[in-house]
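Participant: For the record, the sequence lines run as chains F and E.
Per the working numbering, the first sequence starts with residue 1, numbered consecutively.
Per the working numbering, the second sequence starts with residue 1, numbered consecutively.
There's no promise every hint is true.
[What the hints assert, rightly or not] Cβ-to-Cβ under 8 angstroms is the rule here; a few derived chain F residues that face chain E:
(1) Met122
(2) Asn132
(3) Tyr136
(4) Gln139
(5) Phe140
None of these hints come from the bench; they were simulated from the model.
The C-beta atom is built at its ideal place from N, Cα and C for all residues, glycine as well.
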Amino acid sequence: MVLETIALVFAGIFVLVAVFFIFVYNSLVGKRMQIDNAWSQIDVQLKKRYDLVPNLVETVKGYAKHEKSVFENVTRARAAVMGATGVVEKAKAENALSQTLKSILAVAENYPTLRANENFKMLQEELSGIENKIAYARQFYNDSVLTYNTAIQTVPTNMVAGIFGFTPREFFKADETERQNVKVSF
Amino acid sequence: MANFFDLAAENQRNSYVLMFAVFIITFAAAFGFSFMFFGDNPFGLFLSVLLSAAYISITYFASDRIVLSLSGAREAQKGEFPYLVNVVEGLSLAAGVPAPKIYVVDDPAPNAFAVGTSPKNSSVAFTTGLLSTLDRAELEGVAAHEISHIKNLDSRMATLAVVMVGLIAILSELGLRSMFWGRGSGGPRGRNGGLFALIGLFIIIIAPLIAQLVRLALSRQREYLADATGAQLTRYPAGLASALEKIGKAGSYVRRASDATAPLYFANPLSGMQFLSTHPPIEERIRRLKAM
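Using the sequences and the hints given, assemble the complete structure.
Facilitator: Right, dumping it as structure tokens:
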């Protein structure tokens, strides 16, 4: 009788622990997937910006033909993004492209007729919209990493995380120039 | 800091409680009427269950369309409002929710609202007055506030409350009238008829009061919380604070807003004196944002 009771108590505890493990494990997987999803959202926006560049270059070229070096820089930076491999190198290439895009818009400032062009205005709004979205997507990525990293390092979820090998993720660190870039309103 | 997940869990729970309560109330009302006119009839019971189930499902699935059409909102095309579309899409990325459908209401008063029963199926509407009054940072603040409502399921709870309970208030008023009109022909039967007539009358009188109370339970705190979580998204509380200042100065009274849809709005859309206000004072919201 006593043995049976003890066995039942242990069985009960075991079930509770198992339920706890399943619950925590699933929530950690969910958080990890949110990070991956956030990362792909950044990529979507970077791709959109990449696709926008030729359009922008063509439009500006129509008004400012002789600013050759600027166009060359943009085209080169865009090609570099395409050729870059690995997260760090890719981030560098993307930042370089951001800088050259800023310079092309600075050039456009000198051409009032270009600034008044409807197509150019649309592209400009589109570009600043995408730049904003990139910034927000990165912010969400970092928020997701923060939630996940906090979860796997705090009691009691850290026990489950340790057993199943959940490792901390890296934050996306924008460099100083990039951070300024976000604040600029074109 | 306010947490999206806790708020969402609370709203989810409350919306189930609300739907259950509305189901019970509509059932009681329908069965009360059936009893008054047809007596103790099992068919009346069956029909009452069916009716209240139909009421819940129709209001649930059509709630956003009901509110949008009541408010005179039209869908914003990207070609016409590129700036607005970009702002809303950007902030949904920041919040990690699917981009809501974007609507515009032609009204000079600056105001906005979010509606929808889930983040996957939500809409935000902005008045043309809001778009012409605010700059980008301010518009981002307002959009972030609305997207916070969507993310923490405030808009689910508010939409359901507004449509389900608001319609009860309208329908019970209709019921009250029909009861006075129908007295001569139909009339209660059976010995318990008088009792059920009393219950019916009680529901009819109490429904608008319930509506008022539910709407009041919705507002106040949730606006402060959406301000806080919205500022978390933009990382810039000053934008929203300055938007509130401008809206406070311009006046937020929207023509197409009604007593029923008022709680959904960003700032109080009703003019004149109100028995119980659904929105916290703008000055207090600004003060809290500036203290962040």
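Participant: Indicate, hint by hint, whether the structure satisfies it.
Facilitator: Results for each hint:
1. Met122: 7 angstroms, holds
2. Asn132: 5 angstroms, holds
3. Tyr136: 4 angstroms, holds
4. Gln139: With Cβ-Cβ at 5 angstroms, under 8 angstroms, it holds.
5. Phe140: Holds, because the Cβ-Cβ distance from phenylalanine 140/F to chain E comes to roughly 5 angstroms (cut-off 8 angstroms).
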